[in-house]
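6 protein chains.
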Amino acid sequence: MATVQLWTDVEAEADPRVQAIFADIRATRGSDFVNNFWRGLANDPALLERTWTSLKTVMAPGALDPLTKELVYMAVSIVNGCPYCIHSHTAAARAKGLTAEQHGEFLAVVGTANQTNALVNGLQIPVDSVFKVGDT
Amino acid sequence: MATVQLWTDVEAEADPRVQAIFADIRATRGSDFVNNFWRGLANDPALLERTWTSLKTVMAPGALDPLTKELVYMAVSIVNGCPYCIHSHTAAARAKGLTAEQHGEFLAVVGTANQTNALVNGLQIPVDSVFKVGDT
Amino acid sequence: MATVQLWTDVEAEADPRVQAIFADIRATRGSDFVNNFWRGLANDPALLERTWTSLKTVMAPGALDPLTKELVYMAVSIVNGCPYCIHSHTAAARAKGLTAEQHGEFLAVVGTANQTNALVNGLQIPVDSVFKVGDT
Amino acid sequence: MATVQLWTDVEAEADPRVQAIFADIRATRGSDFVNNFWRGLANDPALLERTWTSLKTVMAPGALDPLTKELVYMAVSIVNGCPYCIHSHTAAARAKGLTAEQHGEFLAVVGTANQTNALVNGLQIPVDSVFKVGDT
Amino acid sequence: MATVQLWTDVEAEADPRVQAIFADIRATRGSDFVNNFWRGLANDPALLERTWTSLKTVMAPGALDPLTKELVYMAVSIVNGCPYCIHSHTAAARAKGLTAEQHGEFLAVVGTANQTNALVNGLQIPVDSVFKVGDT
Amino acid sequence: MATVQLWTDVEAEADPRVQAIFADIRATRGSDFVNNFWRGLANDPALLERTWTSLKTVMAPGALDPLTKELVYMAVSIVNGCPYCIHSHTAAARAKGLTAEQHGEFLAVVGTANQTNALVNGLQIPVDSVFKVGDT
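Which chain is which? The protein sequence lines are A, B, C, D, E and F, in order. For what it's worth, the numbering used here labels the leading residue of the first sequence as 2, then goes sequentially. For what it's worth, the numbering used here labels the leading residue of the second sequence as 2, then goes sequentially. For what it's worth, the numbering used here labels the leading residue of the third sequence as 2, then goes sequentially. For what it's worth, the numbering used here labels the leading residue of the fourth sequence as 2, then goes sequentially. For what it's worth, the numbering used here labels the leading residue of the fifth sequence as 2, then goes sequentially. For what it's worth, the numbering used here labels the leading residue of the sixth sequence as 2, then goes sequentially.
Please keep in mind that the hints were generated in silico from the structure rather than gathered at the bench. Note that this is a predicted model, so its numbers are computed, not measured. Note that the Cβ used here is the ideal one computed from N, Cα and C, for glycine as well. Treat the hints loosely; a few may be bogus.
[What the hints assert, rightly or not] Okay, derived cross-link-like pairs now, DSSO-like style, lysine-lysine, Cα gap no bigger than 30 Å in a straight line:
id, chain 1, residue 1, chain 2, residue 2
1, F, Lys133, E, Lys57
2, A, Lys133, E, Lys133
3, E, Lys57, F, Lys57
4, D, Lys57, D, Lys97
5, A, Lys57, F, Lys97
[Claimed, not checked] Derived Cβ-Cβ restraints for the label pairs, each shown as a range:
id, chain 1, residue 1, chain 2, residue 2, range
6, B, Ser32, D, Gly31, 41 to 51 Å
7, B, Ser32, C, Ala64, 31 to 41 Å
8, F, Ala64, D, Lys133, 33 to 43 Å
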């Protein structure tokens, strides 16, 4: 049902760049499972490589913890209406400790933000000067 | 520049429901400042009341801490492209301790999620069966 | 295929808050049918309760009639690309009297609005001063 | 601030196709005012002509009344976050009789729909079979 | 799974307007295949006619070649998250010569644009005065 | 009006990573002008570096020419409703040869795609099996 072929492990073995990225995905995650997203991106090894490298860097622990990063990722995916992204990152968040209670609170925040965004847009509220920080 | 009048404090004083909500906003936040969003919603006191009550409940500390909730709120607002919401909640996140380093990491996650969402959509990747939880 | 379990009636009976909301949904609609949305929200009884209470209030007849409200709901759901929401509210609109002719006209307006929104965004048209109402 | 020049009446007079459309806009609306959107589209007379003709047909009274059509238009514009479209169609709705009370109810529906759309997306609720109408 | 019936050829034969449009789709494309989109629109013959006429004009070769137009169409469809549109226009682009390498580069641009759009929105970058062209 | 400070050249000189990226932007473009987007990203030098490096790679001539890539970029930015992105990439497209006629055709395609996306979503058209390529 994808718009491209999803690469099997056998096909990935035959392309050194794809093979290397699949190996790094497995090593980084400590799991043999490579999900469909990477199997689709394999059709363009350069895009696969840049996307994985960037994602690995961005989602690593830093000033924000990994679970918080997953929640931000999920919020973006929900507003974009990307079913695959919502499923895969909800699973990833659970693997990083998301509880049912946190999931419920997260959804409540996403729903409320989406609601107030619509109200603000509908009213075309001008930004209070106190909120402005940068140069004009 | 709004599509409705923004209520001044004098106008708010004249409507008991609006007055009560403005008072609760001030008490809850420990600040005399009432931002333009609430001044626009005041045109429909029932909507103002429901929105404030819901927002207050949802954004309160719970299984997720207030800063995490603000980040989720910001993510939604960025994808929706709501300038007012982005300004007001970035300011709110800073008031709750968001550092410049965390802000940079947050933006990197939002940008990466928006990027991969587009890639997934473009490729129409089918959901891996391992990600599915609920009933079909 | 959901990211959470959908509650069966048996499970709902075991939780007083969920049971009460399911009962009110049935009473309000005069139907024994409880659709999947509420069965998913049941995982967070407080969110289920707030969402149902708010929806019931907002969609009730008022200055706007129920069918007009359903059309507005459908328009939002179409732009957001939410398949479930489009299916359920198109069904609800039909139950409230939407004719095939009205449905066609509605879709034409949604399509035209989406088209001109893109043209306006692409041209970055400045707002005519005559359209501005509120304070700057 | 637009990405193209906005045509003045003098410039429009010099192009027969643009002149004809501007004249029809004025005649149809019974007003001498031509808003900026059409002045921007004038840069491509064929696009101006197709857009105006289509809009005029679609927004005319039919199985749905003009005010209901404006509300649907506004809902689309709000979710798309198009400031110009929101301003111009809120003004158009008021000219067609939108009351403050109706405006408040409309915004409440848009906000609620945007909220529940996010909840449905986040939960990835499967469509109840009773909602399905068409083939497949 | 659609919200309306999809018209079969037998049903289309019975309505002169639908029959004429289906015939023109076939003649224009040099193929007997009429895809589901038109079979759904057939429920409103006037909307079917306007949509097909407009699409045929807009997608015809002009100052931009047909493949470039398909890529622009695909980009819009990806950001809107419209699975049907992505599938049908990716297929159309391939029929017009899109190579796997071009597809990969296209996806990389769409992903990067979506990423930087989010960063710009998150930072609320003011427009450099050098980018402004039009009046005001 | 940004949510962060926009770095001046003097400030950029003081940070080696920012200085290096600003120098590369200038060298790559053959212009002394550094637009506000990069001045905002400078607050997070790592994000600035990754974003610029990725953008430079993705937008370089390849299997698709630079103007086509700009059009795809503009299409994404229009659907996302990102004013800054629309202004800056429309300017970039003009610098790469976009004519007024091409701009008009481009906008017509974006508008039509946005319109049909809404119609398809509203009708929930199932994907024709002939459009499906990849594994299920």
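Tested hints:
1. Between the alpha carbons of Lys133 (chain F) and Lys57 (chain E) the distance comes to roughly 23 Å, so the proposed pair stays at or under 30 Å and holds.
2. Taking the CA atoms of Lys133 (chain A) and Lys133 (chain E), the gap is about 22 Å. The hint holds against a cut of 30 Å.
3. With a CA separation close to 35 Å, the supplied pair Lys57 (chain E) and Lys57 (chain F) exceeds the 30 Å bound.
4. For the given pair, Lys57 (chain D) sits about 15 Å from Lys97 (chain D) by alpha-carbon distance, which is consistent with the 30 Å threshold.
5. A C-alpha spacing of about 34 Å is found between Lys57 (chain A) and Lys97 (chain F), which places the hinted pair above 30 Å, so the restraint is violated.
6. Between Ser32 (chain B) and Gly31 (chain D) the beta carbon distance is about 50 Å. The supplied range of 41 to 51 Å therefore holds.
7. Between Ser32 (chain B) and Ala64 (chain C) the CB atoms are about 34 Å apart, so this pair conforms to the stated range of 31 to 41 Å.
8. The hint said 33 to 43 Å for the Cβ distance between Ala64 (chain F) and Lys133 (chain D), and at roughly 41 Å that hint holds.
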